[in-house]
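Student: Fit chain to chain and form the complex, with the hints in mind.
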Amino acid sequence: MITQERYRTTVKELLANGSIKMAIGYRLGSTPDRRRPLFIRTSEEADQLVLDSTCMTNLSGYLVTEGLLSDEKKVGIFLRPEGIRSINILAAEYQLNADQIVIFGFDSTGRDVRPLDGRNVGEFSKLLNEIKEHPLQIVKEPLHWRIEKMNAKERFDFWQEEFSRCIKCYACRQACPMCYCRRCIVDSNQPQWINTSSHTLGNFEWNIVRAFHLSGRCVQCGNCDRACPVNIPLRLINQRMANEVLDGFDHFAGLSPTQEPVLASFKKDDTETFIL
Amino acid sequence: MTRILFSDKLDNCVAKWRSAGLTVIGPVQEEAISRYAAVEKGTDLSFGTVLPDRSLKELFFPQTEPMTSYTIKKNEIETTDFTPPQGKRIIFGTRACDASGLAIDDPLFGWDYKDEFWFQRRNESVIVTIACTKSDDFCMCTSLKLAPDSTKGADVLLRPIVKNKGWIVEELTERGREAFAIISEYLLESPEPAIPTVIVPEKFNLDTCVAWLQNPENFDSKFWKEISMRCIGCASCTYLCPTCHCFDIQDEGDTYSGIRRKNWDSCSFALFTMHTSGHNPRSTQSARWRQRIMHKFNYFPGKFSVNSCSGCGRCSRQCPVDMGITETLQEISKL
Numbered sequence: 044m045i046t047q048e049r050y051r052t053t054v055k056e057l058l059a060n061g062s063i064k065m066a067i068g069y070r071l072g073s074t075p076d077r078r079r080p081l082f083i084r085t086s087e088e089a090d091q092l093v094l095d096s097t098c099m100t101n102l103s104g105y106l107v108t109e110g111l112l113s114d115e116k117k118v119g120i121f122l123r124p125e126g127i128r129s130i131n132i133l134a135a136e137y138q139l140n141a142d143q144i145v146i147f148g149f150d151s152t153g154r155d156v157r158p159l160d161g162r163n164v165g166e167f168s169k170l171l172n173e174i175k176e177h178p179l180q181i182v183k184e185p186l187h188w189r190i191e192k193m194n195a196k197e198r199f200d201f202w203q204e205e206f207s208r209c210i211k212c213y214a215c216r217q218a219c220p221m222c223y224c225r226r227c228i229v230d231s232n233q234p235q236w237i238n239t240s241s242h243t244l245g246n247f248e249w250n251i252v253r254a255f256h257l258s259g260r261c262v263q264c265g266n267c268d269r270a271c272p273v274n275i276p277l278r279l280i281n282q283r284m285a286n287e288v289l290d291g292f293d294h295f296a297g298l299s300p301t302q303e304p305v306l307a308s309f310k311k312d313d314t315e316t317f318i319l
Numbered sequence: 004m005t006r007i008l009f010s011d012k013l014d015n016c017v018a019k020w021r022s023a024g025l026t027v028i029g030p031v032q033e034e035a036i037s038r039y040a041a042v043e044k045g046t047d048l049s050f051g052t053v054l055p056d057r058s059l060k061e062l063f064f065p066q067t068e069p070m071t072s073y074t075i076k077k078n079e080i081e082t083t084d085f086t087p088p089q090g091k092r093i094i095f096g097t098r099a100c101d102a103s104g105l106a107i108d109d110p111l112f113g114w115d116y117k118d119e120f121w122f123q124r125r126n127e128s129v130i131v132t133i134a135c136t137k138s139d140d141f142c143m144c145t146s147l148k149l150a151p152d153s154t155k156g157a158d159v160l161l162r163p164i165v166k167n168k169g170w171i172v173e174e175l176t177e178r179g180r181e182a183f184a185i186i187s188e189y190l191l192e193s194p195e196p197a198i199p200t201v202i203v204p205e206k207f208n209l210d211t212c213v214a215w216l217q218n219p220e221n222f223d224s225k226f227w228k229e230i231s232m233r234c235i236g237c238a239s240c241t242y243l244c245p246t247c248h249c250f251d252i253q254d255e256g257d258t259y260s261g262i263r264r265k266n267w268d269s270c271s272f273a274l275f276t277m278h279t280s281g282h283n284p285r286s287t288q289s290a291r292w293r294q295r296i297m298h299k300f301n302y303f304p305g306k307f308s309v310n311s312c313s314g315c316g317r318c319s320r321q322c323p324v325d326m327g328i329t330e331t332l333q334e335i336s337k338l
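Going down the list, the sequences are from chains A and B.
So in the working numbering, spot 71 of the first sequence is number 114, and the numbers just go up one at a time.
So in the working numbering, spot 98 of the second sequence is number 101, and the numbers just go up one at a time.
All the pointers check out, no bait thrown in.
Straight line, CA to CA, 27 Å or less: simulated DSSO-like cross-link-like pairs of lysine-lysine: (1) B:K225 to A:K117; (2) B:K19 to B:K168; (3) B:K137 to B:K168; (4) A:K116 to B:K225; (5) A:K64 to A:K117; (6) A:K169 to A:K310; (7) B:K12 to B:K44; (8) A:K55 to B:K225; (9) A:K116 to B:K228; (10) B:K44 to B:K137; (11) B:K19 to B:K44; (12) B:K168 to B:K155; (13) A:K183 to A:K196; (14) B:K228 to A:K55; (15) A:K64 to B:K228; (16) B:K137 to B:K12; (17) B:K19 to B:K91; (18) B:K225 to B:K337; (19) B:K166 to B:K44; (20) B:K148 to B:K337; (21) B:K117 to B:K306; (22) B:K12 to B:K166; (23) B:K225 to A:K64; (24) B:K228 to A:K117.
In case anyone wonders, no lab produced these hints; they're calculated from the structure.
On a predicted model such as this, the values are computed, not experimentally measured, just so you know.
Chain B extracted, bound-state conformation (with noise of 0.2 Å):
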């Protein structure tokens, strides 16, 4: 026997949830766009979508955040420390791509440094991953040694049964545990069975890329100028990514008083890597997008031995000039 959370008892899970002190965060479909975000009811929620326009990270590394205020005078300088916002919260109906970015992105945050801003998020959120049933042109978990039912950064799975009418339960961790602990009368033992999870095809050799990538010779191929010749340059592929984190530091203000935050920001920027002598490393676009690939699936995994790209698809899906990772990978495969 199977524990089966029914749909329309999601209204009843959420209303529990929220009485129990936790914020109920989910996909919903907003007018222009989809993304996660809080809601009262389960009829708020929107599971329709193949995944969310904007992805979950912005719920842990959002997209500025204040740090520090400070105010200088005379002989003293006064600064007040940000902290996160405290609060325990579910995200009900991640897809197994975005929680994985979560995992992808733990041994970065506390690498020589510990960020509490991402960790204090992390420790309070439970990650309810929903299966994939459904997968568009983009999607690539597959490719990426991951599935559209990966467990991975998750603290519950749930499998959709027939009819939309309801999901599997599998509870993964402690912390998914306590979740479900408080709608436990909700879940019912019943012999449902789960739609399948979708079949997404494998689009390229990650080993294959992986070696090339790693060959210091093709450091300076003609490939990656060929390849980004299109490439605009803007940021829309980094700051949808689940798994791209960088971010700058500024301070917003004068030199009285004002406050430190973090910023999103990009490798695809001619800014990104300009020194102040007017010199700039990363000179061409051709050298920025081949820095997002290397350190994707060359550095990154040298330091954290994870790729760091879960295979959402997203950078290909909202590409003004329909490039991405996918093209380059599959580009390279043939190489």
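One chain only, chain A, in its complex shape (with noise of 0.2 Å):
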């Protein structure tokens, strides 16, 4: 409550004095266990923000929305790490300018909720490192195990099983701050790279294009898994591949805003010789 409530008061002195637009957080939402994205422009709206650790969305993708940062003016977003990550995988990928985002971090642990220091990406360099260095211990749950155990084989059954449930809604794209494409190639039909149907072929090709696209790229925020609503265990996946890239590149997506993306650079001296 004390951080709601000092955090109420520094989105209202922002607003009051110019150095924000606007401000994306939460709110209580339709149900007592939910949260929704609430964006504070006054400061009757800032009175409804709600932070608390059941605020789980990661809202970074909302400043991408088309024209919200084109007069230059800040905006201020509640985020996580996850979501302070993501903040600086856009920067570097050039979709926004990090100076004009002010970031309002908070983290959780059980039922309490605390801010993190700094108000630019720069500010965060320190705790994003500590959390490469030192990931947080997920307790792995039964369904990874599971996996773990399969061979080759009876993980394609596997995923194959998982993905007959998908019904092309894109709440996982949609959901995503990666997920940024003015065009995505599900959405280009000359030609038409991916089926649009939602069959064993389509829905796989979809599955499989998303994860690779976002390896070195997710910061497991979670958005694509909660949003899911036939629920495919899509964190597992993507969980994954961030472990490929960080064993294979030493990379952990979202240090800077300059770094540079893994799968869209290259050194001159990369031991692999087959793409050069």
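Tutor: This is how it looks when you write it as structure tokens:
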């Protein structure tokens, strides 16, 4: 509650003195356990701000809404560490100017929520590097262990079964801060790269393409997984890909606004020869 | 005296229906989600959930369906039409909102062109609705002037009896009577009282909302932008909706051979209205959300005299950003 009250005051001050034109945060949702995104432009709206451990959604995707940042004014946003990494990636991929983003950082342990020091992405550099070196020990879920024990054929069957539920609503894409493409590959029909149909092949194509496109860019905020209306465990795919990229390239996405995108850059001394 | 189907006889009924050639479908709780699916035994059915995650519509209007295959040769084009799978089926344990959804969409699919894929399945399906005895925060059938025991779209209505020992049977149509004649030996005369249907509070005044939507001045209201600011533009609300019916026809294959398919499409997507020129008449998410609400409560009733919403609440229940029809209409009632 103290964190929430302090942040309400801060947002009001920054709005009043013109430092920011808007803050993106959370408010109460339609049931006691739900929170929904809030766009704060006035002091009254700031009073609706809620900040507690149930505020999970990574809101950074709203920053790339067409036109929001084009007036060069600053926008504040409530972010967990994963969300701060998203800002770095969006900046590194030239989707926004990190200096325009005022960060209201927070994190939580159990039900306790605490503020994170800093306002600009640069000020979180130490924290993010610490997270890279000492990643939170995610308690591996039973499903994770089940998949670990599978051979390639069993894994393929498992994912085929999971993807069979996909209805191609693209909630995973729309909820993902990294899916900012103005025209997604599935929306391109000249040529039609990917089947639009939601059948076995079409669902496989979509989910695999997305997994690869997010490799080295996903911060595991969990937005896609929470958004999926048919409960496909997308988190497991993206976690696995992030681990592969970390192991193979020592790349931890979103450390700084100038970090080179791992799969969109090359080094002359790369030991792999096939691509050069 | 009322006729009761006791739940311990459900296995026998399912076997009986199956041996009479009917596919038995009902609510099933799978590991990840609940949905309506074919079962082999009565015990595979799950009546514990308020309503399945996925709606009944996909059994009549699947997310993807082949229509025609084509092969283009030098001097001829060969086509083969697909027909919907044949076979009678009984859908046991639909919710009233889901069954109503089918009845709402009937005029749409039969309006200027009779959609054989829809109507063949409709004609071959017996819909057995079970009245709801529980609801959740998102249920809103009563706001749509429907009810937890609405008979709309149903061939048989079942009312649960105390201790969930079974259901009171009310046959509503000839098709329903025929299906229950098959299992008549398991229907017992008994004076068991029904559990009262759940009371679903009314969440908004529909007439007030419809009047506001019908006023042309409100088409350009600032309200649309405000209410939809957080909409991320996914299609989960439309795809889980029991009445949303938009589809796209796509050819899959190459110049020489392929399959023409009918696929779900959604007004939430920018691509839905994108012109070849690049111009998009619904270029913003607020315009798209306005379309969804206007279509359901203004345009559709204008054409078919029924709202295109049965109050299941899935749009709000599943929305990644906690939006939905309920909130929008509640806000409209306050304007």
